[in-house]
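**Q** Below are the chains, spelled out letter by letter.
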Amino acid sequence: MSPVLSVSGVTKTYRSGQIALHEIDLAVEKGEIFALLGPNGAGKTTLISIICGLVSMSSGRVLVDGHDIVQEYRAARAMIGLVPQEIALDIFATVEDTVRYSRGLFGRHAAPGHIDRLLRDLSLWEKRRARVIELSGGMKRRVMIAKALSHEPDILFLDEPTAGVDVNLRRDMWEVVRRLRDRGVTIILTTHYIEEAEEMADRVGVIDRGRLILVEETAALMRKLGKRRLSIMMQKRIEAIPLALAGWPLRLEADGERLVYDFDANAPDTGIPRLLRDLGAAGIDYKDLETSRTSLEDIFVGLVEGRT
Amino acid sequence: MSGLNLRGMWAIYRTEMARTRRTVWQSVATPVITTVLYFIVFGGAIGSRMQQVGGVGYGAFIVPGLIMLTLLTQGISNASIAIYFPKFTRTIFELLSAPISSTEAVFAYIGAAATKSVLIGLIILATATLFVPIRIMHPGWMVAFLLLTAVSFGLFGFLVGIWAENFEQLAIIPSLVVTPLTFLGGAFYSIDMLPEPWRTISLFNPVVYLVSGFRWSFYGVGDVGVGVSLAFVVGIMVLCLALLWWIFRTGYRLKP
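In the order they appear, the protein sequences are chains X and W.
Letter by letter, the first sequence follows residues 69 to 376 of the working numbering.
Letter by letter, the second sequence follows residues 18 to 273 of the working numbering.
For reference, chain X alone in the conformation it holds in the complex (with noise of 0.2 Å):
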């Protein structure tokens, strides 16, 4: 099958001659929830911004379907919907007509029903005729999601979905996210939380100091969550792991005062009686022991971290 969405080489240097993005090569599948995982600033928002036509890429290619999204930007584009980060809207106007002026700028036919519905699923029914300006921030995010999904689009991309948002319009974005994702809709977001992507993604690409460092399935990554860590603390600091436990996959930290053993929390044989047993038969005394999680978060620290 091939990739509704494609980014291959994009680069982006800014006029200032700040460089955004280093050569991106990205792949998303049709159906999947892919999130864009990156501190601030790492060129999340950029490479979305570059691929839905809003900054004009430095060098590289984007596939939408198949079709490039600068010499076909027409069909590219009609496929694509945005929620960008920050609420934009037409404060004068009405809730419904800025909605349906979203389809209409796409080139879609008038569909009142699909409006009405949309209106509905995103509790704005009763708001349909107010004026943007009179609405909460919350109903005005709202209004930023059904624009992007008036036109029916292929691909959502949704920019830092959750920033600032109540539990009950996050509560009711990942229904309708769900709901899209049944009916075959191909959806993008970026987030710098990790619970977020954790918990509604498929695959997940972690971006720093716009470089696209890692990208993996969120199972696999969940598998690695699987993990846990034993942390010794000896009593006294030694220079090296002595020869005795040369079998055991330890690694040495704190200036020698501390012993790390990971280990797979699910498995029958942690290892960890043995581990004790041959410490003991070594000769090395420990006052503490402590055992962690490690997390995605941890995992995208040390990414990001083992950079610098």
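Calculated from the structure, these hints are not laboratory results.
Any given hint might turn out to be false.
Claimed, not checked - Derived Cβ-Cβ restraints for the label pairs, each shown as a range:
no., chain 1, residue 1, chain 2, residue 2, range
1, W, Asn-183, X, Phe-160, 17 to 23 Å
2, W, Thr-40, X, Ser-127, 41 to 47 Å
3, X, Gln-153, W, Met-154, 44 to 50 Å
4, X, Gly-232, W, Ala-161, 32 to 38 Å
5, X, Ser-74, W, Gly-268, 20 to 26 Å
6, W, Thr-40, X, Glu-263, 51 to 57 Å
7, X, Asn-108, W, Val-58, 56 to 62 Å
8, X, Arg-247, W, Ala-46, 43 to 49 Å
9, W, Glu-182, X, Ser-70, 38 to 44 Å
10, W, Leu-54, X, Pro-107, 58 to 64 Å
11, X, Tyr-82, W, Val-58, 49 to 55 Å
12, W, Thr-40, X, Tyr-261, 38 to 44 Å
Said to hold, decoys possible - Here chain W is said to cover these stretches of chain X; the calculated rule only asks that three of the stretch's residues, wherever they fall, bring their Cβ under 8 Å from a Cβ of chain W:
no., segment
13, 118 to 130
14, 173 to 186
Glycine included, each C-beta is placed from N, C-alpha and C at the ideal position.
With chain X held as given, fit chain W onto it using these hints.
**A** Same frame as chain X, but now just chain W:
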């Protein structure tokens, strides 16, 4: 999907016209009231002491100039706000992400701005007939000048709106450039009434050609030949189109 995005153009045009309806007082009533004031001051108070200009009563003489004055200022302000406001509120992201070409978007925006200008021009003309008898010698040319000027200055306003980075810059071109040029462009007098060197200097003012051509379509007299006037309006339009073409090609002030 290929070919023209007519629905997209219609969506923009309709939304822009709806904006006019929402601000009907500001958009339509203000120019009408201003025109009536001009009539009272220039046509009534001063005009009654003026002799005829080129065989036309002074009251009637100023009508084409007044319409031009409004057409220019309104055309520029409507079109500049139409594009500046989405930039300011960042709603322009939607336009940039839509499957609509720049040309289509410009047509829709300028179409709406020009429609508004022409409507206002016609309302002023209707208001003027309440004060002075008006005859139109070349109605076809009158409409042509009206449309060409509305479109040209809509395009010019669009350029101003793209260029402007704040509200001050948005206001500076209409108030510091266009209004003086219009007042000095023979809206209220024939440039033949000016002493030298002002008469010659006036010939460098593009508005002179617009007003002159428009007045010719009413009364068959103008400060310059009608062909020259026509060439000027078309020239301005072509210049604006060329600048817009360059802007959309380079993404100047629209796309980072």
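**Q** With reference to the structure, classify each hint as holding or not holding.
**A** Each hint, compared with the structure:
1. W:Asn-183 with X:Phe-160: 17 to 23 Å: 20 Å, holds
2. W:Thr-40 with X:Ser-127: 41 to 47 Å: 44 Å, holds
3. X:Gln-153 with W:Met-154: 44 to 50 Å: 59 Å, violated
4. X:Gly-232 with W:Ala-161: 32 to 38 Å: 54 Å, violated
5. X:Ser-74 with W:Gly-268: 20 to 26 Å: 23 Å, holds
6. W:Thr-40 with X:Glu-263: 51 to 57 Å: Cβ of Thr-40 (chain W) to Cβ of Glu-263 (chain X): about 46 Å, so the range 51 to 57 Å is violated.
7. X:Asn-108 with W:Val-58: 56 to 62 Å: Given range 56 to 62 Å: holds, Cβ gap about 59 Å.
8. X:Arg-247 with W:Ala-46: 43 to 49 Å: At roughly 48 Å between Cβ atoms, Ala-46 (chain W) and Arg-247 (chain X) fall inside 43 to 49 Å, so the hint holds.
9. W:Glu-182 with X:Ser-70: 38 to 44 Å: 43 Å, holds
10. W:Leu-54 with X:Pro-107: 58 to 64 Å: 60 Å, holds
11. X:Tyr-82 with W:Val-58: 49 to 55 Å: Given a distance of about 53 Å, which is inside 49 to 55 Å, the answer is holds.
12. W:Thr-40 with X:Tyr-261: 38 to 44 Å: 42 Å, holds
13. 118 to 130: holds (count 5)
14. 173 to 186: Holds: 5 residues of the segment 173 to 186 of chain X have a Cβ under 8 Å from chain W.
The structure does not agree with the numbered hints 3, 4 and 6 stated previously, though it agrees with the rest.
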